[in-house]
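Colleague: Could you put the whole structure together from the sequences, leaning on the hints where they help?
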Amino acid sequence: MQKSLHIDPVKCTGCRQCEMACSYENYGTFNISKSRIRVFDFEHTGRKVPYTCTQCAEAWCMHACPVEAIKLDPNTEAKVVYEDICVGCKVCTIACPFGTVNYMADSGKVQKCDLCGGEPACAEACPTGAITYIDADWTGLDKMRQWAEKTGNQVSA
Amino acid sequence: MAWTRKFLRINLTTGTIKVEDLNMQWAQDYLGQRGLATKYFVEEVDPKIDPLSPDNKMIFTTGPLTGTMASTGGRYSVVTKGPLTGAIACSNSGGYFGAELKFAGWDMMIVEGKSPKPVYLSIEDDRVEIKDAAHLWGKTVWQTEETIKKLHQDPLIRVSSIGRAGENGVLYACIVNDLHRAAGRSGVGTVMGSKNLKAIAVRGTKGVGNIRDPKEFMKVTFEKKKVLADNAVTGQGLPTYGTQVLMNVINEIGALPTRNHRDVQFESASKISAEAMHEKRPDGKSHLVTNQACFGCTIACGRISKLDEKHFTVKNSPQYWGASGGLEYEAAWALGAANGVGDLEALQYVNMLCNEDGFDPISFGATVGAAMELYELGLLKKEEVGMDAPFGSTEALVKMGEMTARGEGFGKLLGLGSKRLCEKYGRPDLSMSVKGQEFPAYDSRGIQGMGLAYATSNRGACHLRGYTVASEVLGIPVKTDPLTTDGKPELVKAFQDATSVFDSSGVCVFTTFAWTLADLQPQLAAALEGDWSMDKLNLVGERIWNMERQFNNAAGFTAKDDNLPPRLTTEPAKTGPAKGLVNGLGKMLPEYYRVRGWDTEGRPTAETTQRLGL
Numbered sequence: 001m002q003k004s005l006h007i008d009p010v011k012c013t014g015c016r017q018c019e020m021a022c023s024y025e026n027y028g029t030f031n032i033s034k035s036r037i038r039v040f041d042f043e044h045t046g047r048k049v050p051y052t053c054t055q056c057a058e059a060w061c062m063h064a065c066p067v068e069a070i071k072l073d074p075n076t077e078a079k080v081v082y083e084d085i086c087v088g089c090k091v092c093t094i095a096c097p098f099g100t101v102n103y104m105a106d107s108g109k110v111q112k113c114d115l116c117g118g119e120p121a122c123a124e125a126c127p128t129g130a131i132t133y134i135d136a137d138w139t140g141l142d143k144m145r146q147w148a149e150k151t152g153n154q155v156s157a
Numbered sequence: 001m002a003w004t005r006k007f008l009r010i011n012l013t014t015g016t017i018k019v020e021d022l023n024m025q026w027a028q029d030y031l032g033q034r035g036l037a038t039k040y041f042v043e044e045v046d047p048k049i050d051p052l053s054p055d056n057k058m059i060f061t062t063g064p065l066t067g068t069m070a071s072t073g074g075r076y077s078v079v080t081k082g083p084l085t086g087a088i089a090c091s092n093s094g095g096y097f098g099a100e101l102k103f104a105g106w107d108m109m110i111v112e113g114k115s116p117k118p119v120y121l122s123i124e125d126d127r128v129e130i131k132d133a134a135h136l137w138g139k140t141v142w143q144t145e146e147t148i149k150k151l152h153q154d155p156l157i158r159v160s161s162i163g164r165a166g167e168n169g170v171l172y173a174c175i176v177n178d179l180h181r182a183a184g185r186s187g188v189g190t191v192m193g194s195k196n197l198k199a200i201a202v203r204g205t206k207g208v209g210n211i212r213d214p215k216e217f218m219k220v221t222f223e224k225k226k227v228l229a230d231n232a233v234t235g236q237g238l239p240t241y242g243t244q245v246l247m248n249v250i251n252e253i254g255a256l257p258t259r260n261h262r263d264v265q266f267e268s269a270s271k272i273s274a275e276a277m278h279e280k281r282p283d284g285k286s287h288l289v290t291n292q293a294c295f296g297c298t299i300a301c302g303r304i305s306k307l308d309e310k311h312f313t314v315k316n317s318p319q320y321w322g323a324s325g326g327l328e329y330e331a332a333w334a335l336g337a338a339n340g341v342g343d344l345e346a347l348q349y350v351n352m353l354c355n356e357d358g359f360d361p362i363s364f365g366a367t368v369g370a371a372m373e374l375y376e377l378g379l380l381k382k383e384e385v386g387m388d389a390p391f392g393s394t395e396a397l398v399k400m401g402e403m404t405a406r407g408e409g410f411g412k413l414l415g416l417g418s419k420r421l422c423e424k425y426g427r428p429d430l431s432m433s434v435k436g437q438e439f440p441a442y443d444s445r446g447i448q449g450m451g452l453a454y455a456t457s458n459r460g461a462c463h464l465r466g467y468t469v470a471s472e473v474l475g476i477p478v479k480t481d482p483l484t485t486d487g488k489p490e491l492v493k494a495f496q497d498a499t500s501v502f503d504s505s506g507v508c509v510f511t512t513f514a515w516t517l518a519d520l521q522p523q524l525a526a527a528l529e530g531d532w533s534m535d536k537l538n539l540v541g542e543r544i545w546n547m548e549r550q551f552n553n554a555a556g557f558t559a560k561d562d563n564l565p566p567r568l569t570t571e572p573a574k575t576g577p578a579k580g581l582v583n584g585l586g587k588m589l590p591e592y593y594r595v596r597g598w599d600t601e602g603r604p605t606a607e608t609t610q611r612l613g614l
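These protein sequence lines map, in sequence, to chains A and B.
Once you know that position 3 of the first sequence is 3 in full-length UniProt numbering, the rest is easy, because the numbers rise by one and skip nothing.
Once you know that position 112 of the second sequence is 112 in full-length UniProt numbering, the rest is easy, because the numbers rise by one and skip nothing.
In silico negatives: residues of chain A with every beta carbon more than 12 Å from chain B:
#1 K3
#2 H6
#3 P66
#4 V67
#5 P74
#6 Y82
#7 K90
Covered, in the sense of this in silico footprint (three residues per stretch, anywhere, with C-beta under 8 Å from a C-beta of chain A), are these stretches of chain B:
#8 201-212
#9 295-301
Because the hints were derived from the structure by calculation, they are not lab data.
Heads up, the beta-carbon is just placed ideally off N, CA and C, and yes, glycines get one too.
Modeller: What follows is the structure, given as structure tokens:
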């Protein structure tokens, strides 16, 4: 079964466990400035929103790369940066409509979410279930269930 | 190991910035944060200095677990000599600032001297600069944070700053970071203001590495997060209701100090409780918007609230209509029950003023309570206050909040705290404080152990130095009877020593609703080189407590200062389970000194200091 990262911002408390887990998984340190998932605070509304690569089916970054350093992982469908091929030209960072591919000045390469090979550390670390790794075909299932429950209540009311 | 082993020394008088190596022997003896910074402080600062003179120093400090995946590992503390008390001050804050300081590569930062003009510090990893803050002086915390982020064109900067209260010499001014988290008590913000230091802006990109055994650390921190998640208080009560979960509980047991401790139960407690924050208001919305976590925290007790835009406090002030840091139990009590005010929206408005201009809602609220009592006794006249100010007056509370934030009129006097206010009007007994710092939200007639905890707290009355409420009310880790003094000296000592360790580690003391020292121990042991056994941690905790005590003794405090206002030891509680009781401090204190290994004057004996390596 194909899986994908699913983010439910309503459940996010802004704790940054996901950012630390991501940086630890990829760099062995707790360093949120290197995290490939970022949590955004919207102070005026109190909303907190984790955001990362959605692994587009037709990935702009992959098509834009002139040296084919971004390849498809057939097991996870993740678009993965091969650092040994990447030349740091940053064209992918321009091509990505969502800003989720970023250049790292210290390595001279780009980085993006690679789904940790199928066991995303962010989802494992999230204490509230705001980030989950679920059936890619049914990312709407939870929302459907919520609406289904409301519908049931209305009928019986 | 999780320390960065480096710290900054910033002299504001000379404008010099030095990088120094952390004394690793001291790190082994005092762990980090509260303990380690206090060690540096007592070694470098004469206890007799004037807290608001350039001779005072302030140390911003992280713990070894700050900036790691240990749950709640985002704390920092500010250690200095407090202007409200004249005692050692150590105020702890969450938010994101502490982790960012660590990520920039610094365990701590010692600030010395006094700048000739307003400045702020800019720290971007190794690049540290003292920058002009003329354009920030006079601005609120919120404006300062926004301005600095815009100026540096970097929304990821974390800012810790003082508002107008800290500039104006309010003696209980806070240092506020991330808009509404604060190193709140004892006037650490006042010291910052006295140094002409407006703010510290930090951006760190180095991260925290050097974990001794990363695999073990990840495993054990994961297990301990599960302990928090599975616990009724940290897994459900705090995320859903915040610390405000306590309002109705403490009121029911007759320990909710009301109207300057005249009463121990508040008839409107339910109106200002966590449950009320969840209820729908007349405008169809609930007061509470969501909960929020500090850095690394898997509990998420923080409150984010939105005011009713039609409420009289804000109907003409749209700048207060957005979501903002909401009422914690202490603030709701101090602004509400302590003054007899039961208007939740008004309390939140004043709470926002406290965040916006950086002053401690506990000391402020309690000072308003004292002022209202003086007013009711006819000692404080309407002309002096500028308004009618009886207990229960929402308007008076709101106006006093605004005046204190802006340093106007009677607000200047309120800004000096209840001790100085009550002394001025000839009734020092009406100041509900210890060592000049106001009580938090637990009446020690209904929770006996807290009387001793307040009387002996090294930073003046405080609930965060030895929270025996956990045991006496909530049964954590074991239930004791709140109405007796039996066993309380040992209990208070145990809580004080354990809390000293938690405050020195980088994690939040709220974890102790679920964790004991035995849960923290394996996390420290996995992260750090050296011996971090339970025996060692117990010793470190006791050592820190005694070190603080020695500083206070040298500053001039004696056994006479380990006291409570006469109201609590002579006026019995009028209602509730504690009806007829006063606090039995007199019974507990000598026994406490004995358990501590102190002489009858409250001084650690030679044997004790030797045992603790002091």
